[in-house]
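The task is simple: from the sequences and hints, build the whole structure.
Residue numbers (the working numbering), protein chains in the order written: chain U, 1 to 250; chain P, 1 to 415.
Derived from the structure by calculation, the hints contain no laboratory data. A virtual CB, placed ideally from N, CA and C, is assigned to each residue, including glycine. It is possible that part of the hints are untrue.
Unchecked claim - Stretches of chain P that chain U covers, calculated by requiring three or more beta carbons in the stretch to come under 8 Å of a beta carbon on chain U: (1) 193-203; (2) 384-392.
Said to hold, decoys possible - The following label-pair restraints were derived from C-beta to C-beta distances: (3) U/V117 to P/F344: 55 to 63 Å; (4) U/G147 to P/A345: 40 to 48 Å; (5) U/G148 to P/A408: 57 to 65 Å; (6) U/N6 to P/D321: 52 to 60 Å; (7) P/A408 to U/I177: 48 to 56 Å; (8) P/H352 to U/P90: 53 to 61 Å.
Claimed, not checked - Which chain U residues stay away from chain P? Per the calculated CB distances, all over 10 Å, these: (9) Y53; (10) L81; (11) E113.
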Amino acid sequence: MLHVANLKAVVDGKRILDGLDLDIGPGEVHAIMGPNGAGKSTLSNVLAGRDGYEVTGTATLDGVDLLTLTPEQRAAQGLFLGFQYPIEIPGVGNAYFLRTAVNAIRRERGEDEISAVEMLALAKEHMALLEMDPAFLSRSVNAGFSGGEKKRNEVLQMSLLQPKLAILDETDSGLDIDALRVVAEGVQRLRHPERSMLLITHYPRMLEYVRPDRVHVLDRGRIVRSGDHTLATELETTGYGVPAGAGAPA
Amino acid sequence: MRASAKLLERHLPPGRRAAEADGVVEWLDAHGMPDNHDEAWRYTPVEAIVAALESAAPAPSTKPAIDRALVDELAGDHGGPRLVLVDGVLVPELSDGLDAIEVTWERSFAAGAGPAHEPADGFDALSRLAGAGTSVLRLSADFSPLGPPVQVVHVGLSGAAVHPRLVVHVAPGSAHHLIETYASLDTGSTVNATTELVVGRDATLTHHRVQVEAPSTVHVGRTHVDQAAGSTVRTSSILLGAAIARAAVHVRFAGPGSSLVVDGLYLPKGEQRHDTVVTVDHAASHCTSAQRFRGVIDDVARGSFSGHVIVRQGTVGTDADQSNRNLLLAPTAQADTRPWLEIFADDVRCTHGATVGRLDDEALLYLRSRGIPLAEARSMLVAAFAAEVVEAMGPVSLRERVATAVAAQVGEARS
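This is how it looks when you write it as structure tokens:
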């Protein structure tokens with residue numbers, strides 16, 4: 001599924017990722033934890049295709065080289081990034097946005113486009129599971145949404161787009177207990193033998209709902225430790241065992 | 001020889017000078033044509049407009065070779081009575097529903113004139129002298145306010161210089177919708193257009209002015225609105241076409257308790273120049289005005305907006321708001337924005353805001369990360385930027401035409 005080898009990323013002359021290796025098999029859920037500035041968000045940005053990084057190394061999804069593709073081509077290959085800070089887009093209706101995205105992906109896959117009516121029904125079905133008010137469909141994308149509503153909207157998009165690989169960048173941050181439960185259950189529902197996930201998180205609480213197959217500790221741009229789900233609990237009591245952010249820029 | 005004298009010699013019909021000039025020739029002699037030193041013409045390529053008039057032929061007197069299908073294609077049809085003017089002359093055979101409304105075609109520029117006012121500028125003066133005639137439309141209280149809009153379509157056909165004048169009287173207490181469309185074939189027309197809207201006491205008028213002329217056209221237009229007490233006006237100016245297009249909107253509150261929304265879009269691309277100049281004259285108390293203009297500018301085009309608010313001495317309770325936002329789609333595109341507030345009264349609430357920006361990279365990445373191709377993502381963001389103005393337009397047929405033009409503004413993808 002996802003194969004990352006010797007991945008390096010430099011921004012403004014600073015090396016943020018420094019030879020990162022990571023392999024996630026089909027259906028596996030991996031978590032990446034680590035101190036601030038370890039390079040967690042850079043990893044998700046580089047995989048999703050954000051501009052501004054000098055990138056070397058390998059990153060393939062089912063054998064397809066991701067690094068040469070545009071962000072939309074990566075999405076069409078089945079990559080989904082749940083943003084740490086979902087972007088507000090005033091003037092673009094959420095329902096229209098969801099349908100445009102779903103149809104763009106369906107077109108790429110050679111599938112029929114979905115009608116506005118079908119889309120509405122499908123979105124409402126998924127929104128009910130996420131305890132989202134259907135009124136969010138008629139609002140602008142994320143505009144004026146609370147932190148929790150934005151994260152639910154991310155999980156909604158993921159569930160509609162049905163990606164092969166979902167990278168969730170701190171989807172659990174800024175959520176109260178109830179919102180965390182709803183979002184985590186939403187993620188858990190999307191686990192599938194043919195769908196892999198990479199959860200980037202500071203906190204082990206999310207991982208109590210979505211038990212990962214592997215947990216990795218990222219520090220100064222490389223993976224310094226890996227283990228099973230018990231590693232997350234251990235880290236909560238012992239810390240990362242490295243000075244927070246040492247040597248790595250935020 | 002001064003430019004104004006040259007233009008008069010070229011465009012004034014024989015015999016008009018003595019018979020109907022009524023002091024306008026003298027006004028033009030005294031004032032001449034505007035230039036970039038005039039505040040309201042600071043951003044207008046005024047020399048190029050004068051040059052276009054100097055080289056353009058006067059309108060032909062032959063019968064125009066055009067059919068309804070072409071008018072529909074150029075201007076759309078939004079239902080309701082439709083006046084069609086070709087090269088500045090009303091053509092009844094191409095028009096529809098003239099018997100449902102009170103409309104006359106007069107040779108005189110003074111026909112149906114509203115409250116007397118001096119020429120706004122040399123182009124206005126020239127249009128009074130050189131125009132083929134004036135369409136005078138009287139919208140009465142009888143004509144159904146709930147019916148479809150009254151349309152006035154101008155088609156530039158021969159590549160001539162034309163000076164169409166439209167005077168609209170909106171009867172006291174009535175409510176009407178008027179759509180003006182300026183279209184042309186790509187024959188190099190020069191259009192010097194005047195619209196005068198005289199809105200009666202407690203009347204309501206919605207007015208859309210849509211300029212969709214061919215790329216070789218030069219357009220200089222003005223809309224003068226006179227609002228009696230208690231009236232409500234919404235007027236929009238949409239600049240889409242022409243090589244150079246200037247739209248001036250001048251609104252005067254003649255009586256108290258009136259409200260105005262004046263909004264619009266300008267979408268220059270290629271080497272186009274679009275200039276919008278709005279003046280709102282709060283000459284009466286307790287009036288509310290809101291200006292809301294959006295510019296989307298691409299390539300090496302330039303879009304300009306000047307918003308002038310005058311609050312006269314002795315008035316009270318004025319509420320004037322102005323907003324102008326510009327989106328530059330290319331590093332070589334240019335925007336000018338200029339609020340110009342002249343306030344001679346104390347009891348005033350006056351706000352203004354202006355921005356010039358680019359498409360939001362974060363929003364683009366967000367859309368693209370969901371699989372939406374770059375060109376489509378750009379188009380979505382541009383449509384969202386213009387939505388505030390576009391969504392307020394009606395009927396649906398007009399809104400969709402404008403929305404399509406906005407979408408076409410972002411044809412090719414750039415990363």
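Going by Cβ atoms, does U/L81 stay more than 10 Å from chain P at every point? violated (5 Å)
Just tell me: holds or violated, for the beta carbon distance of U/N6 and P/D321 against 52 to 60 Å? holds (58 Å)
State, for the Cβ atoms of P/H352 and U/P90, whether the hinted interval 53 to 61 Å holds or is violated. violated (20 Å)
How about the region 384-392 of chain P: do at least three of its residues have a C-beta closer than 8 Å to a C-beta of chain U? holds (count 4)
Closer than 8 Å, Cβ to Cβ, for at least three residues: run that test on the region 193-203 of chain P against chain U and report holds or violated. With 0 residues in contact (Cβ-Cβ under 8 Å with chain U), the coverage given for the region 193-203 of chain P is violated.
Just to be sure I understand the hint, the distance between the Cβ atoms of U/G147 and P/A345 should be within 40 to 48 Å; is that true here? holds (46 Å)
Can the suggested window of 55 to 63 Å be confirmed for the beta-carbon pair U/V117 and P/F344? holds (57 Å)
Quick check for students: does the CB of U/E113 sit more than 10 Å from each CB in chain P? U/E113 is indeed farther than 10 Å from all Cβ atoms of chain P, at 13 Å.
Verify that the Cβ of U/Y53 lies farther than 10 Å from every Cβ atom of chain P, and report whether the claim holds or is violated. holds (13 Å)
Could you check the hint for me, namely that U/G148 and P/A408 are 57 to 65 Å apart, CB to CB? violated (39 Å)
Does the Cβ distance between P/A408 and U/I177 fall inside 48 to 56 Å? holds (49 Å)
Hint compliance for this structure: hints 1, 5, 8 and 10 are broken, all remaining hints hold.
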